[in-house]
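Trainee: Chain residues, written in single-letter form:
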Amino acid sequence: MKKVEKKVADDYFKLRTTLIIIYLAVGVCVSYLVVFFARDLSSITFNGFPLHYYMGAQGAVLTFIILLFVNAFVSDKIDQKFGIRTEEKTSISSGKTLDQ
Amino acid sequence: MDSQFLVSFGLILATFGLYIGIALFNKAKQTSDFYVAGRSVPAVFNGMAIGADWMSAASFIGMAGTIMIMGYDGLAYIMGWTGGYLLLTFLLAPQLRKYGRYTVPEFIGDRYQSNAARLIAAVATIIISFTYSIGQLSGSGVVIGRLLEVDVAIGTMVGVVLIAFYSALGGMKGITWTQVAQYLVLIIAYLIPVIFMSLQLTSNPMPWLSYGQIVGELQELDQQLGITEYVVPFTEATKWQFLALMFTLMAGTAGLPHVIVRFYTVATMKAARWSGAWALLFIGLLYLSAPAYAAFSRFILMDQVAGSAINNLPAWTTAWVDTGQLSVADQNGDGVLQWAEIVISKDIVVMATPEIANLGIFVIGLMAAGAMAAALSTAGGLMISISAALSHDIYYRSINPNASEARRLAVGRWSIVIATVVAGLVALNPPGAITQIVAWAFALASGTFFPALLLGVWWKRSNGPGVIAGMVTGLSVSLAYIFAAKYGGFTILGIVDTGAGVFGATAAIIANIVVSLLTKEPTQKVQDEVIDLRYPEEMTYKDGEVWIKDGTEG
Numbered sequence: 008m009k010k011v012e013k014k015v016a017d018d019y020f021k022l023r024t025t026l027i028i029i030y031l032a033v034g035v036c037v038s039y040l041v042v043f044f045a046r047d048l049s050s051i052t053f054n055g056f057p058l059h060y061y062m063g064a065q066g067a068v069l070t071f072i073i074l075l076f077v078n079a080f081v082s083d084k085i086d087q088k089f090g091i092r093t094e095e096k097t098s099i100s101s102g103k104t105l106d107q
Numbered sequence: 191m192d193s194q195f196l197v198s199f200g201l202i203l204a205t206f207g208l209y210i211g212i213a214l215f216n217k218a219k220q221t222s223d224f225y226v227a228g229r230s231v232p233a234v235f236n237g238m239a240i241g242a243d244w245m246s247a248a249s250f251i252g253m254a255g256t257i258m259i260m261g262y263d264g265l266a267y268i269m270g271w272t273g274g275y276l277l278l279t280f281l282l283a284p285q286l287r288k289y290g291r292y293t294v295p296e297f298i299g300d301r302y303q304s305n306a307a308r309l310i311a312a313v314a315t316i317i318i319s320f321t322y323s324i325g326q327l328s329g330s331g332v333v334i335g336r337l338l339e340v341d342v343a344i345g346t347m348v349g350v351v352l353i354a355f356y357s358a359l360g361g362m363k364g365i366t367w368t369q370v371a372q373y374l375v376l377i378i379a380y381l382i383p384v385i386f387m388s389l390q391l392t393s394n395p396m397p398w399l400s401y402g403q404i405v406g407e408l409q410e411l412d413q414q415l416g417i418t419e420y421v422v423p424f425t426e427a428t429k430w431q432f433l434a435l436m437f438t439l440m441a442g443t444a445g446l447p448h449v450i451v452r453f454y455t456v457a458t459m460k461a462a463r464w465s466g467a468w469a470l471l472f473i474g475l476l477y478l479s480a481p482a483y484a485a486f487s488r489f490i491l492m493d494q495v496a497g498s499a500i501n502n503l504p505a506w507t508t509a510w511v512d513t514g515q516l517s518v519a520d521q522n523g524d525g526v527l528q529w530a531e532i533v534i535s536k537d538i539v540v541m542a543t544p545e546i547a548n549l550g551i552f553v554i555g556l557m558a559a560g561a562m563a564a565a566l567s568t569a570g571g572l573m574i575s576i577s578a579a580l581s582h583d584i585y586y587r588s589i590n591p592n593a594s595e596a597r598r599l600a601v602g603r604w605s606i607v608i609a610t611v612v613a614g615l616v617a618l619n620p621p622g623a624i625t626q627i628v629a630w631a632f633a634l635a636s637g638t639f640f641p642a643l644l645l646g647v648w649w650k651r652s653n654g655p656g657v658i659a660g661m662v663t664g665l666s667v668s669l670a671y672i673f674a675a676k677y678g679g680f681t682i683l684g685i686v687d688t689g690a691g692v693f694g695a696t697a698a699i700i701a702n703i704v705v706s707l708l709t710k711e712p713t714q715k716v717q718d719e720v721i722d723l724r725y726p727e728e729m730t731y732k733d734g735e736v737w738i739k740d741g742t743e744g
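Top line first, the protein sequences correspond to chains A and B.
First residue of the first sequence: 8, per our numbering; consecutive thereafter.
First residue of the second sequence: 191, per our numbering; consecutive thereafter.
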């Protein structure tokens, strides 16, 4: 075990939290915000759909999927940057599981 | 017995054989040091397993029908059920994975250091999973009813026997790989008909790209007939109901015990993040197709069935009329079936679609097998949650800590059988459409687990009395609102029973925060454990300092 400087550990938490807030904000925009303004958006057409319908049926879901993959990818990069080595073999029973 | 019955039945039997075979195969491997070899479920396959666990009869059978009947307003289900994975993967799953317990009530009991909180969480797990399984049984009733051409109630009873047997047997081990197989069966079954319909109607094999054109034509048909327009928002309910329902489904997703448990099967927080991403990609395949189904089916019904002579209807209508889920009556006696005279249940749209589009008996059989895979895999996950809550969290940890392994297993098995039978009895006369019943389960989860887990992970000051107050308040408010809205006609801003979660979650969060602040703060040990969740698996927080593994631990 090696000690991590408090500032480095805090930076890690802050960076991850900031990114999560950004992702969630994007998620809220493509779902709640679009629904809120659905009537106003319905005059715009996209690929044969009224825009509000397209966002509900496809746009929001696609955005969510992309956000999750971006998060997984970027988080791995951040972990690397902070020198975290993911062990190849971590068994299912690692962590503080209780005896059953 | 006609050939349709034989083909469907044969496909269902073949897929069941596959699932049982996989379960047995994995069991054999486990005895040969499967776990000791240190292998874990790879994130891609865990994503598929989460997908099968997640996509229930409501997603498979009910969702496209809900959208077909509700139009734009039905899309709240699509956005809510997928958006929940953002909350789950960003805010809860990796942290819960690091804390490392076997069940959600166990996490709540240990994080909040309260036996009472664990018991309340166990009871809430049972209520939520039970409500959810009513929807599953009601769904398998629709499938079996059509297959045997009997009333849905009889189909439901057959489903009860099947699911009780399957869960008690399959609830043992090797379920991950069984669910991977179930995912593949259900997604293939879902995609084939919609791809063929897309080819038939638009000559384009990509339904996701082609159905915009059909939606455009539907708009014109709607205007000619002068009926409620398909794409116009908020015709079925208010804007606030749409938003409340979407929130309920999102928060409920993040708090469903049987889904969270799947994140415990991976090894690290990193794997939990990737599992969440893969899971939503696999789920997205079905959820992006459901609105295409809805548009195509509605188009065929309006264009080809409505307007035909009443004594010259396609053969498939008779079979569905027999199940009691479809009514076609020439009310004005002009010999022609009008659009308004077709009354179709939300729950049969997907199952009837291959017949409506005349796709042949093999595809219809495949649909039946896929629907059973969806109902079975979710019911299996739910029944394991119920049985774990009863046998582990309540019986073993509170009533009889000296119980032998065999005795706990017996309690678990019997609780599965009893829960399935009781849920089946309720499902005989379901209190709502499948998606609606399932939405209630989500309203209860968003009132109880979502706030308890969210604050448990992100706010170290939250304590035992706080979470008890939160869960009890959230559960009561959600339940009270569902009953008041469904049976008493009480609504706020036009929000009906399915949107109850927004009130449950808000009340629970407020109660948790207020009571926590009024009572003693948690012990230093608990607060340290919560701070520890901020850092990845490889970092440990101890006495105000953070340590990282550097490979010297051996």
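If you're looking for bench data, these hints aren't it; they were derived computationally from the structure.
A few of these clues could be false.
Here are the simulated DSSO-like pairs of lysine-lysine, each with C-alpha atoms no more than 30 Å apart in a straight line [said to hold, decoys possible]: (1) B:LYS710 to A:LYS9; (2) B:LYS676 to B:LYS710; (3) B:LYS650 to B:LYS429; (4) A:LYS84 to A:LYS13; (5) B:LYS715 to B:LYS676; (6) B:LYS676 to A:LYS88; (7) B:LYS650 to B:LYS739; (8) B:LYS676 to A:LYS14; (9) B:LYS676 to B:LYS739; (10) A:LYS13 to B:LYS710; (11) B:LYS429 to A:LYS13; (12) B:LYS650 to A:LYS10; (13) A:LYS10 to B:LYS676; (14) B:LYS650 to A:LYS84; (15) A:LYS21 to B:LYS429; (16) A:LYS21 to B:LYS650; (17) B:LYS732 to A:LYS84; (18) A:LYS21 to B:LYS732; (19) A:LYS21 to B:LYS676; (20) B:LYS739 to A:LYS84; (21) B:LYS429 to A:LYS14; (22) A:LYS21 to A:LYS88; (23) B:LYS739 to A:LYS9; (24) B:LYS739 to A:LYS88; (25) B:LYS715 to A:LYS13; (26) A:LYS88 to A:LYS10; (27) B:LYS429 to A:LYS10; (28) B:LYS650 to A:LYS13; (29) B:LYS710 to A:LYS88; (30) B:LYS739 to B:LYS715; (31) A:LYS13 to B:LYS732; (32) B:LYS650 to A:LYS9; (33) B:LYS429 to A:LYS88; (34) A:LYS10 to B:LYS739; (35) B:LYS676 to A:LYS9; (36) B:LYS429 to A:LYS9; (37) A:LYS21 to A:LYS84; (38) B:LYS650 to B:LYS715; (39) B:LYS715 to A:LYS21; (40) B:LYS715 to B:LYS732.
Here the structure is a predicted model, which means the values were calculated and not measured.
Trainee: Work down the list of hints and note, for each, if the structure agrees.
Mentor: Against the structure, the hints:
no.: 1; hint: B:LYS710 to A:LYS9; result: violated, 34 Å
no.: 2; hint: B:LYS676 to B:LYS710; result: violated, 39 Å
no.: 3; hint: B:LYS650 to B:LYS429; result: violated, 36 Å
no.: 4; hint: A:LYS84 to A:LYS13; result: holds, 20 Å
no.: 5; hint: B:LYS715 to B:LYS676; result: violated, 45 Å
no.: 6; hint: B:LYS676 to A:LYS88; result: violated, 53 Å
no.: 7; hint: B:LYS650 to B:LYS739; result: holds, 24 Å
no.: 8; hint: B:LYS676 to A:LYS14; result: violated, 53 Å
no.: 9; hint: B:LYS676 to B:LYS739; result: violated, 55 Å
no.: 10; hint: A:LYS13 to B:LYS710; result: holds, 28 Å
no.: 11; hint: B:LYS429 to A:LYS13; result: violated, 47 Å
no.: 12; hint: B:LYS650 to A:LYS10; result: holds, 23 Å
no.: 13; hint: A:LYS10 to B:LYS676; result: violated, 57 Å
no.: 14; hint: B:LYS650 to A:LYS84; result: holds, 28 Å
no.: 15; hint: A:LYS21 to B:LYS429; result: violated, 36 Å
no.: 16; hint: A:LYS21 to B:LYS650; result: holds, 16 Å
no.: 17; hint: B:LYS732 to A:LYS84; result: holds, 25 Å
no.: 18; hint: A:LYS21 to B:LYS732; result: holds, 19 Å
no.: 19; hint: A:LYS21 to B:LYS676; result: violated, 44 Å
no.: 20; hint: B:LYS739 to A:LYS84; result: holds, 18 Å
no.: 21; hint: B:LYS429 to A:LYS14; result: violated, 46 Å
no.: 22; hint: A:LYS21 to A:LYS88; result: holds, 14 Å
no.: 23; hint: B:LYS739 to A:LYS9; result: holds, 6 Å
no.: 24; hint: B:LYS739 to A:LYS88; result: holds, 15 Å
no.: 25; hint: B:LYS715 to A:LYS13; result: holds, 19 Å
no.: 26; hint: A:LYS88 to A:LYS10; result: holds, 16 Å
no.: 27; hint: B:LYS429 to A:LYS10; result: violated, 53 Å
no.: 28; hint: B:LYS650 to A:LYS13; result: holds, 18 Å
no.: 29; hint: B:LYS710 to A:LYS88; result: violated, 39 Å
no.: 30; hint: B:LYS739 to B:LYS715; result: holds, 21 Å
no.: 31; hint: A:LYS13 to B:LYS732; result: holds, 12 Å
no.: 32; hint: B:LYS650 to A:LYS9; result: holds, 25 Å
no.: 33; hint: B:LYS429 to A:LYS88; result: violated, 45 Å
no.: 34; hint: A:LYS10 to B:LYS739; result: holds, 9 Å
no.: 35; hint: B:LYS676 to A:LYS9; result: violated, 58 Å
no.: 36; hint: B:LYS429 to A:LYS9; result: violated, 54 Å
no.: 37; hint: A:LYS21 to A:LYS84; result: holds, 15 Å
no.: 38; hint: B:LYS650 to B:LYS715; result: holds, 11 Å
no.: 39; hint: B:LYS715 to A:LYS21; result: holds, 23 Å
no.: 40; hint: B:LYS715 to B:LYS732; result: holds, 9 Å
Hint check: violations occur at hints 1, 2, 3, 5, 6, 8, 9, 11, 13, 15, 19, 21, 27, 29, 33, 35 and 36; the rest are consistent with the structure.
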